[in-house]
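Since chain A is already given, all that's left is putting chains B and C on it; use the hints.
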Amino acid sequence: MAKVTIDDITIDVPDGTSILAAARMIDEQHGTNIAPPTMCYYSKLKTTGGYCRTCIVTVEKGSEKDPRPMPKPVPSCRTNVMDGMVVRNTTSPELLEARAGVVEFLLINHPLDCPVCDQAGECHLQDLGYENGKEGTRYEFQRREFEPIDIGDKIKLHMNRCILCYRCVKTCEQITDGRVHGVINRGDHAEISTYIQNAIDNDFSGNVIDVCPVGALTDRTFRFKSRVWFTNPVDAHRDCNNEKCSGKTRLWMKGDDVLRVTARKDRWGEVEEFICNSCRFDHKKTSDWTIEGPSKISHHSVISQNHNELRKLQLGIHKQIKKLDGTKIDLGEGALNPNNIDK
Amino acid sequence: MFQDLFELEDIELMTTTTEIKFSDSAQQQVQEILHQYPADKSKSALLPLLHLAQAEFDGWLSAPVMDYVASILNIQPIEVYEVASFYSMFNLKPTGKYLIEVCQTSSCWMNGSEDIVRYLERTIQAETGQISPDGMFQIKTVECLGSCGTAPMFQIGDKYYENLTFEKIDTILDDLRKENKRSRYV
Amino acid sequence: MSKKLLLTYDHIPGINTLEVYRQNNGYKSLEKALKTMKPDDIVEEVKKSGLRGRGGAGFPTGMKWSFLAKPEGVPRHLVCNADESEPGTFKDRYLMERIPHLLIEGMIVSSFALGANTSYIYVRGEYFYIIKILQNAIKEAYAAGLLGKNILGSGYDLDLYVQPGGGAYICGEETALLESLEGKRGNPRLKPPFPAVAGLWGRPTVVNNVETIAAVVPIVNFGGDEYAKIGIGKSTGTKLISASGHINKPGVYEIELGVPVEEFIYSDEYCGGIRNGKKLKAVVAGGSSVPILPTELILTTAKGEPRLMSYESLSDGGFATGTMLGSGGFIAMDEDTSIVKNLFTFARFYHHESCGQCSPCREGTGWMEKILKKFIDGKATMSDIDLLWDVQSKIEGKTICPLGEAAAWPVAAAIRHFRHEFEEYVKNPQSIHDVKHYFRLNNLVEA
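Line order of the protein sequences matches chains A, B and C.
Residues 1 to 343 (the numbering used here) are what the first sequence spells out, left to right.
Residues 1001 to 1186 (the numbering used here) are what the second sequence spells out, left to right.
Residues 2001 to 2447 (the numbering used here) are what the third sequence spells out, left to right.
What the hints contain is simulated information worked out from the structure, not anything from laboratory work.
Since we're looking at a predicted model, the values are computed, not measured.
Glycine included, C-beta positions come from ideal geometry on N, C-alpha and C.
Treat the hints with caution; some may be incorrect.
Unchecked claim - Distance condition first, Cα-Cα at most 30 Å in a straight line; then the derived BS3-like pairs of lysine-lysine:
| hint | chain 1 | residue 1 | chain 2 | residue 2 |
| --- | --- | --- | --- | --- |
| 1 | C | 2341 | B | 1140 |
| 2 | C | 2341 | B | 1168 |
| 3 | C | 2191 | A | 65 |
| 4 | A | 72 | C | 2184 |
| 5 | C | 2132 | B | 1178 |
| 6 | A | 46 | A | 265 |
| 7 | A | 134 | A | 61 |
| 8 | C | 2038 | C | 2028 |
| 9 | B | 1159 | A | 46 |
| 10 | B | 1043 | C | 2139 |
| 11 | B | 1168 | C | 2249 |
| 12 | B | 1140 | C | 2132 |
| 13 | A | 61 | C | 2191 |
| 14 | C | 2191 | B | 1043 |
| 15 | A | 65 | C | 2070 |
| 16 | B | 1093 | C | 2373 |
| 17 | A | 156 | C | 2184 |
| 18 | B | 1093 | A | 156 |
| 19 | A | 46 | C | 2191 |
| 20 | C | 2379 | A | 134 |
| 21 | A | 65 | C | 2139 |
| 22 | C | 2184 | B | 1097 |
| 23 | B | 1041 | A | 44 |
| 24 | B | 1159 | C | 2249 |
| 25 | A | 3 | C | 2191 |
What the hints assert, rightly or not - Chain C is nowhere near these chain A residues, computed Cβ spacing over 10 Å in every case:
| hint | residue |
| --- | --- |
| 26 | 51 |
| 27 | 129 |
| 28 | 246 |
| 29 | 259 |
In isolation and in its complexed conformation, chain A is listed as follows (with noise of 0.2 Å):
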């Protein structure tokens, strides 16, 4: 086991730990809010993280017995904790910074074209902006244009939009029976691309979309469809035949129609459990699934706000919010309608 601190929360966590990993641990564990951000870190992909730099953190102190500090800020999520380390994040305003930095890269390139980007309202390039960047650009230059191609029928690049965090790249190694895409050309001309034109179609390609954090990879049966806080999420399931499907997923619904089917994901914004893409494409009818009640959704997230959760809350059908940690806060009837804010 290994002592480390982190913004001045102390945790026991096992050996070969990562300090983000920790982090995570804290914010479950406390209900803070300390966990670096992360664009390429994927906790259920293998090798993937380092790349986006925007989980650096800052190494006070290395360990009890190597006390000296690191001279460079580390990515939290391929970096392991020590026994004794003490780890800065959003204590540390030059770390803050630092990471603002990183997110004005992130976004030089990016075209900012949210207002018809699927992704927006899920797009976690957005949260990263939000939470960590600065108001304005500072980048008066030509961005990277690419035209949009279709990989195969379901499954839209949109590479204006692409970070470059290598995660459908992994997926395709790791949880596909053959990658066709990849990273071509170099620097800051480098793309996601299948070089030829040849369609990423496989039985679990459809998860790319879900690991994508921008709107670079978007799933083509819900294109243009609706804006996602327009959807209920509810979680479903059905008996799936692909024996490495566990059928478990989230359907978008709009009234009685699914408009859109995903995989579930965590707190982090990862996926629980890969899906096929039998289950994603091909099974688009209420009576496919058995479905079982509403997905947790955030309250910070603008998912949201069109949602059954927060909607019963705001009518005051529920007076109790359920915190991470078990404990209850009682906010009074419809303390949550926005018509009651004000009072």
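Relative to the frame of chain A, chains B and C by itself:
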């Protein structure tokens, strides 16, 4: 970018006019190269094989040529595309017969590389990046080639031409016109 | 006269052949090593010599060797980094072209010391003619029983191969080099694990620069203690310096570490002074990535002491007033040189060479080039100087590999020491067009 790199007509041209197969001597070289790595690490041969393929197949790597290399190494074609597009020496489009790679970094710039480029453009009647009207030459500006003490310089195939002057360039180009053989590194 | 250890025989005709090389003490260190020394003895001698990596980082070679993991039954590898691409640096090329057997001898001795039975020399692809020179020399060595099975009857086996790169500066970073040698894109790996534990194909690997490996030959020949007597302080031995720019005698010079910079620039033994009787304006002393220094700071330290060609003296004063020895790529600029334009060529270089893996370098290097282009085009404003400074500071220290720093440092140093020149570009955009000096062929072109 993507569209620039890949033109369908080029590929069709390649597939219909040439059978993609290494010559006997190149086949032998392939075997020698593969011998340099443990049997289960043959992907290490990728860069040497791409150099060889580029030299064998008209100085550039078409998608079918890259697929052919993938089949030799028993790897996915995308693994070859990723690598070929990363390194600056692999041409993914047809080039002039002689690719003139002019260094333009620091010491070469201080010693007149910009003039070398302008002079070349005028002489071969093509802008940097374009193939000259006679198909013989193409200028490509490149970054430091490790010839800073003998600047300005350019590279054609595996040959370094150093301490360049306009007169020297005239002679070099004349000689190459007479030679009329595609430049190659390997 | 300076002491020479590597380029002792480089002027002898035919020294590139095995026959002439052996006539001039060639392969003596190999015989000594295989017949009289144990592998660990050689590591010990290298430690004693104080040899530091000659590729640019200056890490003690003996220490690097001693980190090599030696798990039972797992092959180890030595890989020579001949991906020389740092602008201003061409010493490895000179050494391999002139005396290929010196590198090969060093490779065999070092491989023996490290217990490697298969070693590779990774040469940048642009040096294809040198690859051919090395391959010929290796063929000669095999034929003479210096490579292959049971070398010189010692029972030690070694296979040595040359691997071409494909044109990528980043492959000079050791983990990117290993990726490339595995047939992949040259993307640097996240460390740890370090190559000493998991390198080529996951096996323990040492990666050393050409000059470092060549220096093992004199260290074994004369002993580590003797080697350490040469040079100054912790900068032991000799160093190959690639001298270029506006000097009378550009070329590769082997210097004893500790030669005063002033002597190196002005003495006829070395650079022979500045061309055309011009004054020196600035020097990039160790390859494009090290901070540029104006004349007064390159010739003397901030304390007023003469600056020497050594790791310590060149870095005296930190980045505020000092620089680094780096790879020994010494670029001298005369009074007419535009610091901003030269910096632009560096920025273009790093933008071109960024692998694109991590965001600060991928996006930041291109941004810096574009801002500098504004200066060149006479379109910059004063706030662009501050923006440029801020962008470089946001790249530095935030990337996987040192290319981020390599791109940021020259920008920071140019602004630190030559801010007035940037301001001049803003105030008087015409001034750039008046600098006709480097268009030495200009008139001819226009004629």
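Status of the hints after comparison with the structure:
1. Between residue 2341 (chain C) and residue 1140 (chain B) the alpha-carbon distance is near 20 Å, which keeps this suggested pair within the 30 Å criterion.
2. About 27 Å separates the Cα atoms of residue 2341 (chain C) and residue 1168 (chain B), which keeps this hinted pair within 30 Å; it holds.
3. Taken as a hint, the residue 2191 (chain C) and residue 65 (chain A) pair is honoured in the structure, with Cα atoms around 20 Å apart against an allowance of 30 Å.
4. At roughly 28 Å between alpha-carbon atoms, residue 72 (chain A) and residue 2184 (chain C) fall within 30 Å of each other, so this suggested pair holds.
5. A hinted pair counts as satisfied when its Cα atoms are at most 30 Å apart, and residue 2132 (chain C) with residue 1178 (chain B) qualifies at roughly 25 Å.
6. As the CA atoms of residue 46 (chain A) and residue 265 (chain A) are separated by approximately 18 Å, the hinted pair is consistent with the 30 Å bound.
7. Note on residue 134 (chain A) and residue 61 (chain A): the hinted pairing holds, with a Cα-Cα distance of about 29 Å set against a maximum of 30 Å.
8. Proximity of residue 2038 (chain C) to residue 2028 (chain C) is assessed by CA-CA distance (about 16 Å); at most 30 Å being required, the pair is judged to hold.
9. At most 30 Å may separate the alpha-carbon atoms for a hinted pair to count; residue 1159 (chain B) and residue 46 (chain A) exceed this at roughly 44 Å.
10. Proximity of residue 1043 (chain B) to residue 2139 (chain C) is assessed by CA-CA distance (about 24 Å); at most 30 Å being required, the pair is judged to hold.
11. Taking the CA atoms of residue 1168 (chain B) and residue 2249 (chain C), the gap is near 21 Å; set against the 30 Å cutoff, the hint holds.
12. At roughly 24 Å between alpha-carbon atoms, residue 1140 (chain B) and residue 2132 (chain C) fall within 30 Å of each other, so this suggested pair holds.
13. Of the supplied pair hints, the one linking residue 61 (chain A) and residue 2191 (chain C) holds, its CA atoms being roughly 19 Å apart against a limit of 30 Å.
14. As the CA atoms of residue 2191 (chain C) and residue 1043 (chain B) are separated by approximately 23 Å, the hinted pair is consistent with the 30 Å bound.
15. Restraint check for residue 65 (chain A) and residue 2070 (chain C): satisfied, since their Cα atoms lie roughly 25 Å apart, inside the 30 Å limit.
16. Between residue 1093 (chain B) and residue 2373 (chain C) the CA atoms are separated by roughly 28 Å; this keeps the pair inside 30 Å, and the hint holds.
17. Taking the CA atoms of residue 156 (chain A) and residue 2184 (chain C), the gap is near 27 Å; set against the 30 Å cutoff, the hint holds.
18. For the given pair, residue 1093 (chain B) sits about 26 Å from residue 156 (chain A) by alpha-carbon distance, which is consistent with the 30 Å threshold.
19. Note on residue 46 (chain A) and residue 2191 (chain C): the hinted pairing holds, with a Cα-Cα distance of about 15 Å set against a maximum of 30 Å.
20. Taking the CA atoms of residue 2379 (chain C) and residue 134 (chain A), the gap is near 26 Å; set against the 30 Å cutoff, the hint holds.
21. As the CA atoms of residue 65 (chain A) and residue 2139 (chain C) are separated by approximately 51 Å, the hinted pair breaks the 30 Å bound.
22. Annotation: proposed proximity of residue 2184 (chain C) to residue 1097 (chain B) holds, straight-line Cα distance about 28 Å (limit 30 Å).
23. Annotation: proposed proximity of residue 1041 (chain B) to residue 44 (chain A) holds, straight-line Cα distance about 27 Å (limit 30 Å).
24. Note on residue 1159 (chain B) and residue 2249 (chain C): the hinted pairing holds, with a Cα-Cα distance of about 23 Å set against a maximum of 30 Å.
25. This hinted pair checks out: residue 3 (chain A) and residue 2191 (chain C) have alpha carbons roughly 23 Å apart, not beyond 30 Å.
26. The Cβ of residue 51 (chain A) does not lie farther than 10 Å from every Cβ of chain C; its closest approach is about 5 Å, which violates its non-interface assignment.
27. Every CB of chain C is more than 10 Å from the CB of residue 129 (chain A) (nearest about 13 Å), matching its label as outside the interface.
28. Distance to chain C confirms residue 246 (chain A) as a non-interface residue, since its nearest Cβ pair spans about 31 Å, more than 10 Å.
29. Every C-beta of chain C lies more than 10 Å from that of residue 259 (chain A), the closest at about 33 Å, which supports listing it as non-interface.
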